[in-house]
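Enquirer: One letter stands for each residue in the lines below.
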Amino acid sequence: MNALLVPLALPLAAEPGNRTLTISLFTAVVAVTLYITWWASRQNKTAADYYAGGRSFSGAQNGLAVAGDYMSAASFLGISGQIALYGYDGFLYSIGFLVAWLVALLLVAELLRNSGRFTMADQLAFRMKQKPVRTAAATSTIVVSIFYLLAQMVGAGSLVGLLLGVKSEGLKAAVIVLVGALMIVYVTIGGMKGTTWVQIVKAVLLMTGTVVITFLVLLKFHFNISDLLGSAAGKSGKGEDFLQPGLLYGKDLTGQIDFLSLGLALVLGTAGLPHILIRFYTVPDSRAARRSVQWAIGLIGVFYLMTLALGFGAAALLNTAKGSAVETSKGNVASPLLAEAVGGGAGSTGGAILLALIAAVAFATILAVVAGLTLTSASSFAHDLYANVMSKEKPTEKQELRVARFAAIGIGAVAIGLAIPAQKLNIAFLVALAFAVAASANLPALLFNLFWKRFNTSGAVWSIYGGLISAVVLVVFSPVVSGNGEKSMITGADFHWFPLSNPGIVSIPLGFLFGVLGTYLGRDRSSENRYSELSVRALTGAGAEGAAKH
Amino acid sequence: MDEEVVRERDARAYEAVHDAADFKELKRRYKNFVVPWTIAFMAWYLAYVACNNWARGFMDHRLGGSHINVALIFGLLQFVSTFVIAALYGRFANRKLDPLAHGLNAKYKRERRR
Numbered sequence: 001m002n003a004l005l006v007p008l009a010l011p012l013a014a015e016p017g018n019r020t021l022t023i024s025l026f027t028a029v030v031a032v033t034l035y036i037t038w039w040a041s042r043q044n045k046t047a048a049d050y051y052a053g054g055r056s057f058s059g060a061q062n063g064l065a066v067a068g069d070y071m072s073a074a075s076f077l078g079i080s081g082q083i084a085l086y087g088y089d090g091f092l093y094s095i096g097f098l099v100a101w102l103v104a105l106l107l108v109a110e111l112l113r114n115s116g117r118f119t120m121a122d123q124l125a126f127r128m129k130q131k132p133v134r135t136a137a138a139t140s141t142i143v144v145s146i147f148y149l150l151a152q153m154v155g156a157g158s159l160v161g162l163l164l165g166v167k168s169e170g171l172k173a174a175v176i177v178l179v180g181a182l183m184i185v186y187v188t189i190g191g192m193k194g195t196t197w198v199q200i201v202k203a204v205l206l207m208t209g210t211v212v213i214t215f216l217v218l219l220k221f222h223f224n225i226s227d228l229l230g231s232a233a234g235k236s237g238k239g240e241d242f243l244q245p246g247l248l249y250g251k252d253l254t255g256q257i258d259f260l261s262l263g264l265a266l267v268l269g270t271a272g273l274p275h276i277l278i279r280f281y282t283v284p285d286s287r288a289a290r291r292s293v294q295w296a297i298g299l300i301g302v303f304y305l306m307t308l309a310l311g312f313g314a315a316a317l318l319n320t321a322k323g324s325a326v327e328t329s330k331g332n333v334a335s336p337l338l339a340e341a342v343g344g345g346a347g348s349t350g351g352a353i354l355l356a357l358i359a360a361v362a363f364a365t366i367l368a369v370v371a372g373l374t375l376t377s378a379s380s381f382a383h384d385l386y387a388n389v390m391s392k393e394k395p396t397e398k399q400e401l402r403v404a405r406f407a408a409i410g411i412g413a414v415a416i417g418l419a420i421p422a423q424k425l426n427i428a429f430l431v432a433l434a435f436a437v438a439a440s441a442n443l444p445a446l447l448f449n450l451f452w453k454r455f456n457t458s459g460a461v462w463s464i465y466g467g468l469i470s471a472v473v474l475v476v477f478s479p480v481v482s483g484n485g486e487k488s489m490i491t492g493a494d495f496h497w498f499p500l501s502n503p504g505i506v507s508i509p510l511g512f513l514f515g516v517l518g519t520y521l522g523r524d525r526s527s528e529n530r531y532s533e534l535s536v537r538a539l540t541g542a543g544a545e546g547a548a549k550h
Numbered sequence: 001m002d003e004e005v006v007r008e009r010d011a012r013a014y015e016a017v018h019d020a021a022d023f024k025e026l027k028r029r030y031k032n033f034v035v036p037w038t039i040a041f042m043a044w045y046l047a048y049v050a051c052n053n054w055a056r057g058f059m060d061h062r063l064g065g066s067h068i069n070v071a072l073i074f075g076l077l078q079f080v081s082t083f084v085i086a087a088l089y090g091r092f093a094n095r096k097l098d099p100l101a102h103g104l105n106a107k108y109k110r111e112r113r114r
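Chains D and Y supply the protein sequences, listed in that same order.
Here this note's numbering is used: position 36 in the first sequence is 36, and no number is missing along the way.
Here this note's numbering is used: position 65 in the second sequence is 65, and no number is missing along the way.
Hints should not be assumed to be uniformly reliable.
As the list claims (entries may be wrong) - Which residues of chain Y face chain D? A few of them, derived with a C-beta cut under 7 Å, are:
id, residue
1, L26
2, N52
3, G57
4, F58
5, H61
6, F74
7, F92
Unchecked claim - Anything over 10 Å on all C-beta distances counts as not near chain D; from chain Y, calculated:
id, residue
8, D2
9, E4
10, V5
11, N32
12, A50
13, R56
14, R62
15, K96
16, R114
Claimed, not checked - In silico EDC-like cross-links for lysine to aspartate or glutamate, where the CA-CA straight-line distance does not exceed 16 Å:
id, chain 1, residue 1, chain 2, residue 2
17, Y, K109, D, E486
18, D, K453, Y, D10
19, Y, K27, Y, D98
20, D, K394, Y, D98
21, D, K238, Y, D60
22, D, K45, D, D524
23, D, K453, D, E545
24, D, K129, D, D524
25, Y, K107, Y, E3
26, Y, K109, Y, D10
27, D, K424, D, D524
28, Y, K96, Y, D10
Keep in mind the hints are simulated off the structure, nothing from the lab.
Built from N, CA and C at the ideal position, the CB exists for glycine as well.
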């Protein structure tokens, strides 16, 4: 999502009364989430508690948490903002994001729940050589999660500055440190149980806030969608073009192939995102995993439908012309300003309350997503790398969990350290890159492992590293990093030779191809021995990890 | 019990389930649902992406005198198809997969005790 980076902060909530209200609500969010974390910490006893929340969440609870983990501030503020600025094309991201859940539902969620334990690597390591496969899977898990985390953290600095109406760079850095410190606390103390409840609370807040604003927007147009679209088109100054494809994507052939490439990464990436995959371990069985994806599809789908109303509502009701607050923030403030407008306008009590509410929801959203990402990387580090690769003897559960907690602190510190200097860089492409890596490196290995008997250790290692390296290399030499003027991450140089901003259309087939090549070149057939065991386990749940009994 | 013995006993139980007729049926049912539906929703989604690129005339077509056009309807239909396929799969899995899986799961537990 290229919308999270904001060039300058705007005096959104500059009036002292509003700012007090906003800060009180932010504090309330922090207090509630810290209470949840403390409460969860008293129930964490075993590794299954820490990594998988005791596998005792219901399908509906996990569905909410999945939705809470998935709908980042980029979806909440970014998509509605893109619609407000570019009309119909702003809506396209959300369709890929939603359809992707069918891949997760039909091919991945239940089988993974039955055959894995705590991390993505568990499922691969089931019938492969532990060390190489776990190292590869942990590398890609940590890379994907850190890309995603970094994009969220940098966004958080700008966003909170924006919502509080503060321009100072020092304060943005302070916000990044605060967000980082909070996520470390959630993850080290609360583990998966605490993180899950933070995500559930956030999902409820986000859905409630969005329903209220959507209802108020539709009310203004007497629930006539055509009128809403018509006035958005009229106000945008672009007429009917605003409601048609083409304002943002696919202007020439390169752009069209780029859009196709983005579409592929979005639809295939979700089922390979490690922080989404490990959520399926938090339920007692595959049936609950299925229910949680169905819940997630319902919640995410309804949410994205509402962003349509928010985006077109913002286009119709706010000033989105060049130089306006919405335009200079790349759309990020469209939803909060829309909340203010439908609450009664600037200066009114209703407007101030709704604005502060939406700002607090955005803050809760950031916290829930970064906590999920930190937990994912820390789990993979402790469970895959430390316990199964680095240690000569198998560590005790207690030792492994201590390492997981230290890893969370370390990863949090790295994320803070990288996010502060990255504030001025345009790194919003990292989210799209995370999806591309997930689709190119993780999904091929997961699918081959489940459905192709011949697949072996070298196939898994090749597909993971092959997909990971091709996606990252193609992006480094693409226009998003250099050669596209102000829009590139590095503005002073041009070393790009790959024409597309999204690598998926090349790197996803490469990931699958490397998997096939590695398998045949590796020759090893020992992984076939346990394939029947894996398929029985994946399809029937025989011998799968059960819920913790306290 | 010795770890090696446990592993061998489990492996035998998995093998017994794997050879059961019910397991072959479960696998067949799962594949027969998942493969065609995956192809269908991917084709349907890619058709939508492609139309945004290369069938703009068709997408720009307005319905009646309203501001609602084919592009919006096509996008909304992606939501509808996702909801419908998710519901269909849930129904299918509850009715056709779960009973077989439960039976096989019980068989696995019996085999392990032998």
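Enquirer: Can you give the numbers of the hints that this structure goes against, from lowest to highest?
Expert: 3, 4, 5, 6, 7, 12, 13, 14, 17, 18, 20, 22, 23, 25, 27 and 28
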